[in-house]
Amino acid sequence: MSVFPDAKILDVDLSKGAIDTKTLSGEIYRLYPGGSSLGLYLALQEMGAGIDPLSPENMLIFSVSVLTGLPISGQSRLTITTKSPLTGTIGDSQSGGFFPAQLKINGYDAIIFRGKSEKPVYLYIDGEKVALKDASSVWGKVTGEAEKIIKEELEDEQLEIAQIGPAGENMVKYASIMNMSNRANGRNGTGAVMGSKLLKAVVVKKGKARKAVDQEGFKTLTGNVKERITENEGVEALGQFGTDGELNSHNRDGFLPTRNFSSGYFGDSAKKITGTTMAKTILKGRDTCFSCAIRCKRVVEVEGKVDPFYGGPEYETCAAFGSFCQTENLEDIAVANQYCNMYGLDTISCGATIAFVMECMEKGILTKEDADGMDITFGNGSIYPELIKKIALREGIGNMMAEGSYRMAEKLGPEALPLSVSVKKQELPAHMPQYKPAMGLIYAVNNFGADHQSCEHDPFLTMPADAKEQVWLGMLGINLQYDDQKTLDDGKVRFAIAGQKFYSMMDSLCLCQFSWGPSWQLYGPAELVDACKYGIGWETSVQELMDIGERRINMMRWFNVRDGFSAKDDVLPERLFDPMPNGPSEGHQMKKADFEKARASYYGFMGWDNDGKPTEATLRKLSLNWLLDK
Amino acid sequence: MIVTMNQKNMHIDEGSRVIDLLVSAGLSKRVAVWVNDQRLLQKEYETRQLHEGDRVKVLRPLGGG
Chain A
1 MSVFPDAKIL DVDLSKGAID TKTLSGEIYR LYPGGSSLGL YLALQEMGAG IDPLSPENML
61 IFSVSVLTGL PISGQSRLTI TTKSPLTGTI GDSQSGGFFP AQLKINGYDA IIFRGKSEKP
121 VYLYIDGEKV ALKDASSVWG KVTGEAEKII KEELEDEQLE IAQIGPAGEN MVKYASIMNM
181 SNRANGRNGT GAVMGSKLLK AVVVKKGKAR KAVDQEGFKT LTGNVKERIT ENEGVEALGQ
241 FGTDGELNSH NRDGFLPTRN FSSGYFGDSA KKITGTTMAK TILKGRDTCF SCAIRCKRVV
301 EVEGKVDPFY GGPEYETCAA FGSFCQTENL EDIAVANQYC NMYGLDTISC GATIAFVMEC
361 MEKGILTKED ADGMDITFGN GSIYPELIKK IALREGIGNM MAEGSYRMAE KLGPEALPLS
421 VSVKKQELPA HMPQYKPAMG LIYAVNNFGA DHQSCEHDPF LTMPADAKEQ VWLGMLGINL
481 QYDDQKTLDD GKVRFAIAGQ KFYSMMDSLC LCQFSWGPSW QLYGPAELVD ACKYGIGWET
541 SVQELMDIGE RRINMMRWFN VRDGFSAKDD VLPERLFDPM PNGPSEGHQM KKADFEKARA
601 SYYGFMGWDN DGKPTEATLR KLSLNWLLDK
Chain B
631 MIVTMNQKNM HIDEGSRVID LLVSAGLSKR VAVWVNDQRL LQKEYETRQL HEGDRVKVLR
691 PLGGG
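Chains as they are written, first to last, in this note's numbering: chain A, 1 to 630; chain B, 631 to 695.
Treat the hints with caution; some may be incorrect.
Unchecked claim - Away from chain B, derived, C-beta distances all over 10 Å, residues of chain A: (1) P120; (2) E316; (3) A430; (4) F460; (5) D483; (6) N625.
To be verified - Result set (DSBU-like, lysine-lysine): computed pairs, CA atoms no more than 35 Å apart in a straight line: (7) B:K659 x A:K219; (8) B:K673 x A:K533; (9) A:K363 x A:K533.
Keep in mind that the hints were calculated from the coordinates and are not lab data. Just so it is clear, CB atoms sit at the ideal spot from N, CA and C, and this is done for glycine as well.
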C-alpha cells in the first residue's frame, strides 16, 4: 500500500468573513481523491436534508484532485459540488481551462464556501495569501468586463478567474460558473448558488506546473503524445473540428434532437451548423486547457457580432440553439454562445428552455403578448441576444424562463408539462436515448439529472473484438458485442454501470473525458493506473479506480434519498417513447417496458432496493457505512 | 464490380478489399463491418476480398461531448 498525500482545504465562511485551512488525511483522501468525491465527502459531513439550495446553509465546494496540475493532457478540470437549485438533488458540474490546475498549483485541493456575505466579494488566492476582497465594482458586470476590471484593480495579468455573470447574481436556476469567460461549469445551476452567497469570483495567481514524482516514467505517457493523437482518429478529429464535428453524423442516422426533441432529423440544415462547416467559416483558431495537446476548444469570430474572447460553441450548444430550436444559422448560434458566456448561463438548459417556449408558442400555450411581443418561434435565431439577456436579468418572460422549462411548464399547466424534455427538472443534452439507450438509462437514474458525460456511449459496443475501443472496455469487464446499438438488455445495463463507475471516477480525479476514458479516448484504463504511479507515486489498480467511481454514485444517491428522491424520479420524458416520426430513423421506437425492465436490473446490479435506495450491505461494501448516520 | 454497402450500390474494382471499399466511401477502419451478415475483425479489413454482389454493412460509432 503506497503513501497517499493529504488534501489541503480552504474553508471560507462568507457570513463571518473568516478563512480557515484544513487538512484531510491521505488515508481518507484516497477513498475520495478529489473532484466530485471529495466535494460529496465534505458536503455530507455537514449538510442535512431539506436545505434550501439558495440559502446560506447550502455549501458550495470547488475541488480539484490529486492529479490536477500535472504536465499531461486532460487533467485540468474543476468540479463544483453543492445542492442544485435546478434539480433539488446533489449538484455537480465540471469545467476545464487553466483555473483548475492553478488552484492546485497554489496548494489547494478544495475550497468550501459556506454562509452568505453581507456585500459582493471575491476570494483572492496567492499561495498562503488568501483574502476576501470587495467585488462591488464588478457586481452586475458581464464576465469579460469583470475579468478585465479585476486584473486592472489587482494590477496583475497573471491570474485565473472563475466567476459568475449577471445570471448567477440573479439566481437563474441554470446559471453557470465561468472561467476564462469561455469555460463553463454549466450544469445544475451552481452559479445561482454562488450568486445567492454574493460571491462574484475566485481569483488565483498563476504559478508553475507541478512535476511528476517519476519524470522518466511520466514521459512514457507524454513523450509520444503527438503520435498518440495522430494514431487516434477520434481524438484527432476532435482537435480538428471540435465536439461539433459529429453533429451531422447524428443527423444522418436520424438521431439529432430537433424541434424540442419531437424529431431526430434536421434535414440538410444540419450541415450548416456542423463542426466541418464551422471550420470553413467562422473558426478563427483552436484553444486548449492547461497542458493539453488535443486543442479541442473553438475560437470563433463574426465581425461586429461575435468576439473571439468568448470562445466558440460546442456540439451541445450548436444542437441546443440549432436543431432544438430549428435554427440553421451558425452565426446566430455563435452569438447565443457568446451571450451565455457573457451572462453566465448553461447553454444546454438555456437553448432547451427556448425550444420549449417555441413549442408552447406554436401550440398556443403562450402568446406573443406573453412573450413581451417577441417572435419566439422555431427557426428564429435572431431573438437570441435579447431573449438571453432577459433570462439573465429576469426581465419579462425571461423571469419565468429563468426557472427552467420544467418549473415554467408547471406554471403554464398540464398541457405544457410533456413539452419540458427534462429529467429531475434538468433539460436533456443532445444525445437521444432512442439511439443510445444505455445512456438513456443513465439519463434517468443519474443523481443530478440527465447527463451525457456520466457513462460511455452505446455505439462503441458495435466495434469488432480486436478494436481498441473493445479492448479497453474489456479492462472494465465489459466483453460484449452488439449488431445494433439501439438494443437495451441486461448486457447494456452492465455496460451502462461499468461506464458510469469509470466516468464517475474520472469526475473524482477531475479528468477530461476526451483525454481519458474507457474506449476511444487518448489514454485508457491502463495508462491511468500508470499516470497515478508516475505522477504522484500512487500504486493503484483499475479495481480501486472503479470503486472510487461507485462510491461517488452511492454518496450522491444517499444525498438525494434523504430529500425524498426515489424510483419515481428516475424516469424519462414520455416523448422519448414515441416512434421516431421522420427521417432515417422513422418508425424506430424505444419501448417503455424495455426501459423499465432495464431500470429494475440497474437497481439490482447496483445493490439498491426496488425504490432505488442503496442497501446497507452496499454502503458497507464501499466503506460508506458512515452514511447510515447522516 | 458492384457490392452493396448499407443497402446502396457501390462500384469497386475487381479484387478490392474491405479497406478499399471503406476508403472509397470516405471512411477509415474505425468502423464495424459485416460482410453477408458475418462480422469481421478489424484486422480482416486489410485482407478480406470482396466479391460481386457482397452485402456489406458498416456502422460508424458516434460518441460525443
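Quiz prompt | Hints breached by this structure | solution = Result: hints 2, 3, 4, 5, 9 break, sorted rising.
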